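Colleague: Chains A and B, in that order, give the protein sequences. This note's numbering puts the first residue of the first sequence at 1, with every later residue one more than the last. This note's numbering puts the first residue of the second sequence at 1, with every later residue one more than the last.
Take these hints with a grain of salt, some might be off.
Unchecked claim - Think about it this way: if two alpha-carbon atoms lie no more than 30 Å apart in a straight line, the pair counts; the simulated DSS-like pairs of lysine-lysine are:
| no. | chain 1 | residue 1 | chain 2 | residue 2 |
| --- | --- | --- | --- | --- |
| 1 | B | Lys40 | A | Lys56 |
| 2 | B | Lys40 | B | Lys19 |
| 3 | A | Lys52 | B | Lys9 |
| 4 | A | Lys107 | B | Lys22 |
| 5 | A | Lys77 | B | Lys40 |
| 6 | A | Lys110 | B | Lys53 |
| 7 | A | Lys60 | A | Lys77 |
| 8 | B | Lys41 | A | Lys68 |
| 9 | B | Lys41 | A | Lys107 |
| 10 | B | Lys41 | B | Lys19 |
| 11 | B | Lys19 | A | Lys114 |
| 12 | B | Lys38 | A | Lys77 |
| 13 | A | Lys77 | B | Lys22 |
| 14 | B | Lys41 | A | Lys114 |
| 15 | B | Lys41 | A | Lys56 |
| 16 | B | Lys22 | A | Lys114 |
| 17 | A | Lys52 | B | Lys41 |
| 18 | A | Lys77 | B | Lys19 |
Claimed, not checked - Part of the chain A face toward chain B, derived, beta carbon under 7 Å:
| no. | residue |
| --- | --- |
| 19 | Ser14 |
| 20 | Leu46 |
| 21 | Gly61 |
| 22 | Val82 |
The hints are simulated quantities; they were obtained by calculation from the structure and are not laboratory data. Being a predicted model, the structure only gives us computed values, none of them experimental. All C-beta atoms in this analysis are idealised placements derived from N, C-alpha and C, irrespective of residue type, glycine included.
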Amino acid sequence: GDSVTQMEGPVTLSEEAFLTINCTYTATGYPSLFWYVQYPGEGLQLLLKATKADDKGSNKGFEATYRKETTSFHLEKGSVQVSDSAVYFCALSEGYGGSQGNLIFGKGTKLSVKP
Amino acid sequence: DTEVTQTPKHLVMGMTNKKSLKCEQHMGHRAMYWYKQKAKKPPELMFVYSYEKLSINESVPSRFSPECPNSSLLNLHLHALQPEDSALYLCASSQDPEGSTEAFFGQGTRLTVV
């Protein structure tokens with residue numbers, strides 16, 4: 001079945017450092033890809049998404065590009081802030097005709113940013 | 001308004017209790033979902049409602065009983081739970097079950113079974 005693999009954490013960075021969190025997927029169809037963020041004690045917030053190959057999702061300085069050839073959707077940010085400390089989940093949903101609320105998540109990567 | 005509201009935020013219940021979790025959205029979304037998230041794990045899908053009808057049940061034990069009384073409300077009735085059912089229960093909604101719109105999540109109900 002479909003699956004998502006993301007780099008294990010925790011990841012600890014200094015403020016203003018460059019962030020990359022790797023995510024690869026396995027899917028039989030044409031999935032949509034997402035990054036969700038979860039702050040301590042809270043629910044999930046959609047950070048960005050991409051629905052087809054070569055799409056780039058971006059939000060709040062974070063970016064990820066849907067790479068069909070490498071089945072990847074790596075999350076990047078040029079300069080992290082302390083407020084970015086959270087758990088980041090890569091996720092996919094079935095593509096055309098599939099509901100984007102029916103999500104398969106990676107295991108999550110905990111990011112800690114130190115001042 | 002892009003909010004999904006879940007109540008209560010915290011719930012402690014005994015193994016013989018009956019309780020309900022509530023989820024509400026006023027975005028006109030026609031798909032609603034329950035997810036379960038254990039500590040330090042990703043969310044796992046439990047149920048999907050599409051146009052107020054149950055469309056997916058991911059082999060969830062019958063001690064969890066979902067209900068969708070109308071297009072804005074989603075309940076999860078709990079009965080005879082076990083301590084291992086303690087988790088964060090997340091509700092989500094999306095505009096169209098067949099379309100390509102993202103899901104919005106609530107803040108969750110943190111359930112502790114004692």
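Colleague: The structure should be examined with respect to each hint, and the outcome stated for every one.
Modeller: Each hint, compared with the structure:
For the hint linking Lys40/B to Lys56/A, the alpha-carbon distance of about 28 Å falls within 30 Å, and the restraint holds. This hinted pair checks out: Lys40/B and Lys19/B have alpha carbons roughly 25 Å apart, not beyond 30 Å. The straight-line distance between the Cα atoms of Lys52/A and Lys9/B is roughly 36 Å, outside the 30 Å bound, and the hint therefore fails. Between Lys107/A and Lys22/B, the direct Cα distance comes to roughly 27 Å. Compliance with the 30 Å bound is thereby established for this hinted pair.
With a C-alpha separation of about 23 Å, the suggested pairing of Lys77/A with Lys40/B holds against the 30 Å cut-off. The hinted pair formed by Lys110/A and Lys53/B fails the criterion: a straight-line CA distance of about 36 Å is larger than 30 Å. A hinted pair counts as satisfied when its Cα atoms are at most 30 Å apart, and Lys60/A with Lys77/A qualifies at roughly 9 Å. Restraint check: the Cα-Cα separation between Lys41/B and Lys68/A comes to about 27 Å, which is no more than 30 Å; the hinted pair holds.
Taking the CA atoms of Lys41/B and Lys107/A, the gap is near 6 Å; set against the 30 Å cutoff, the hint holds. With a CA separation close to 24 Å, the supplied pair Lys41/B and Lys19/B stays within the 30 Å bound. For the suggested pair Lys19/B and Lys114/A, the alpha carbons sit about 41 Å apart, so the restraint of at most 30 Å is broken. At roughly 28 Å between alpha-carbon atoms, Lys38/B and Lys77/A fall within 30 Å of each other, so this suggested pair holds.
Of the pairs offered as hints, the one joining Lys77/A and Lys22/B is violated, with about 36 Å between alpha carbons and a cut-off of 30 Å exceeded. The hinted pair formed by Lys41/B and Lys114/A meets the criterion: a straight-line CA distance of about 24 Å does not exceed 30 Å. A hinted pair counts as satisfied when its Cα atoms are at most 30 Å apart, and Lys41/B with Lys56/A qualifies at roughly 27 Å. Distance restraint check for Lys22/B and Lys114/A: the Cα-Cα separation of roughly 37 Å exceeds the 30 Å cut-off, and the hinted pair is therefore not satisfied.
Proximity of Lys52/A to Lys41/B is assessed by CA-CA distance (about 27 Å); at most 30 Å being required, the pair is judged to hold. Of the pairs offered as hints, the one joining Lys77/A and Lys19/B is violated, with about 43 Å between alpha carbons and a cut-off of 30 Å exceeded. With 7 Å as the threshold, the beta carbon of Ser14/A stays out of range of chain B, its nearest partner Cβ sitting at about 24 Å, so the hint is violated. Taking 7 Å as the C-beta contact cut-off toward chain B, the hint placing Leu46/A at the interface holds, the least distance being around 5 Å.
At a threshold of 7 Å, the smallest CB-CB gap from Gly61/A to chain B is about 19 Å, leaving the interface hint violated. Checking Val82/A against chain B: minimum C-beta separation of about 22 Å lies over 7 Å; hint violated.
When each numbered hint is compared with the structure, violations occur for hints 3, 6, 11, 13, 16, 18, 19, 21 and 22.
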